[in-house]
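Engineer: Protein chains in written order, with our numbering: chain A, 66 to 478; chain B, 310 to 554.
Honestly, the hints are just simulated from the structure, not real lab data.
Incorrect hints may have been included.
[Unchecked claim] Calculated cross-link-like contacts (lysine to any residue; reagent style SDA-like; alpha-carbon spacing at most 25 Å): (1) B:K429 - A:R102; (2) B:K454 - A:Q382; (3) B:K428 - A:V91; (4) A:K142 - A:D281; (5) A:K105 - B:E317.
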Amino acid sequence: MSGATMRIPRLRRKRRGPWRSKLRTVDMFATGTVGLRTRKARAAFTALGIAIGIASMVSVMGISASSRADLLAELDKLGTNLLQVRPGQTTFGDAAPLSADAPAMVRRVGPVQSATSLSQIKTTVQRNDAVDKDDQNGITTMGSEVNLPATLGATLASGRTHDEASVRLPTVVLGSVAAQRLGIDNVDDGPRILIGGEWFNVIGILDSLPLNPDIDRAALIGLESARDIFGVKALPSAIYVRTDPAQVEAVRGVLARTASPGSPNEVDVSRPSDALAARAEVDKNLQTLLLGLGGVALLVGGVGIANVMVISVLERQGEIGVRRALGATRSHIRNQFVVESTLLSLIGGVLGVAIGFGVTTVYARRQEWLVDLPMQGLVFGVAAALVIGAVAGLYPAVRAARLDPAVAVRPAA
Amino acid sequence: MSVNPVLELRDVVREYPGSPPVRAIDGVTLQISASELVAIVGPSGSGKSTLLNLIGTLDRPTSGTLLIDAVDTSELTDSALAGLRAARLGFVFQQFHLLGGMSAVDNVATGLLYRGDTKKSRRNRSVAALERVGLGHRLDHTPNKLSGGERQRVAIARALVGDPAIVLADEPTGNLDSRTSEEIVELLHGLHREGSTIVVITHDRELAARLPRQVTVRDGQIEDDERDPSNHDCTDHNGLIGATS
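With these hints in hand, go ahead and build the complete structure from the sequences.
Structural biologist: Take a look at the structure:
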């Protein structure tokens, strides 16, 4: 057999040829908008799916950021440099009272700016003698010092606080809750209440103290009058300590030993603002749940985009065929559809961030919070939209690019 | 007759897989020179549409050689073929295939999109091409505001705008009434007189008979290749068509 007649299969690589198909970048993006411009209503509904997902996630982020910003602002105002010393328990579980000298000893610690003690007095509080003695409304009587409002930063809703003179007289300053429960909202007409069967003049009502809810429910009388009228020498049931803000931890470390040098382990030292700070973290679970729901909405939005793009590719076979005939390469077709779905998603994302910020603002205003629009929400929203759009568009785009141009220019009639 | 053909098919076969395989094109050898106006005519099922796809490089031959501008297309990659179509071929489809929601001038400009021309140059050339097909007064109309004949003129302008070596027209009058068809045929003649190379694929013998050369396809083979001397006016390059409407 002659070798010359044998067909040798061509193994040579294909050549790029003398002609180049070329699409300018700006035209690539313009081409990606054709589908959106010619099918506006569909584009709007598809983008809405993404917008809802992004909006819900951005609002969750915005609302919790605003709530936290508000709590932190409140904390800032109240100060995080207030410490509290309370009597603890002995190793056997018995109550271990603080000594009467403890407040004075605490005041001697260098960075302590001020300290005030409260001593609970076991007695009764009545609006008048017609009220049942057993009905205490959860109001406790406390012996207090003159510097209590200054140390706690307490402000007055009405009247005045104890001074060096009134602290020795049968006068009482009520916490906000106590006043409300006794039905006293101002001291203008000199109200009086019965404490341990003795009439006390109400000289002032405190505003609510978010860090010291027990004081809100207290009737505060002078330590001296407690001793003079009831004849008891009450031991401190709490010492509040205001320290140099830079030295809070240092002071906290020495307070137990200072207040009770013999048995520091029988003293409880805490920072009331920690409880409030914890509240800022408490709703993490709920936030995660809501973010998850937003994520599901986003996913559904992404599937919606993929769906619409698949349909769009089917409908636009003719267009794809013509573009291929006019010289578009497979990548030009693929890029066109990826750009289209990404733009679609981006429109939804921007819309969603705007809605999310709107919801945050309205909600925070209504709650009288500070409005904190999280910039990471903006970045997240736009980035998520871009990624979702590109991913959702990829499969339909690849299908469009793989269409046989000869078939595409003559769609099945 | 020009010595160098713009299009040359040498023993081209296109087989579709199956059992037995279907030979839609069965050994076609054909040369088309610059400035020719050729009808490829045949009944449906004759393989003329497959031939159009092959000539338009939308499809590749199973065997044989297809040369455009003396370049063997079988050696080109898919994107090199796209580049060839962008630079050297123009298509006119029976269904027009204009992009809805886009003005006539933007539709024509799509014909230059994949050549990397600037937007301004695309627009200028598109306006000129629309004026050439007699649609200078319809530049900003969208396809749904144009008549069938006008749409086909836009499609022809789109095929012409890049100065292709060959314009391939697939049943260009297939969706048009007889009067509009007449106008389109006149337009093709006019463009041919200006020097364009045009291949018209049609099943319409009457239409084919009015063109200077008729290639008859039957059962995937060339049955007849006739030149009509009376109609052979491709050397006459002074016929301007301006407004044919």
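Engineer: Now tell me if each hint is right for this structure.
Structural biologist: So, going through the hints one by one against the coordinates:
no. : hint            : result
1   : B:K429 - A:R102 : holds, 21 Å
2   : B:K454 - A:Q382 : holds, 23 Å
3   : B:K428 - A:V91  : holds, 10 Å
4   : A:K142 - A:D281 : holds, 18 Å
5   : A:K105 - B:E317 : violated, 46 Å
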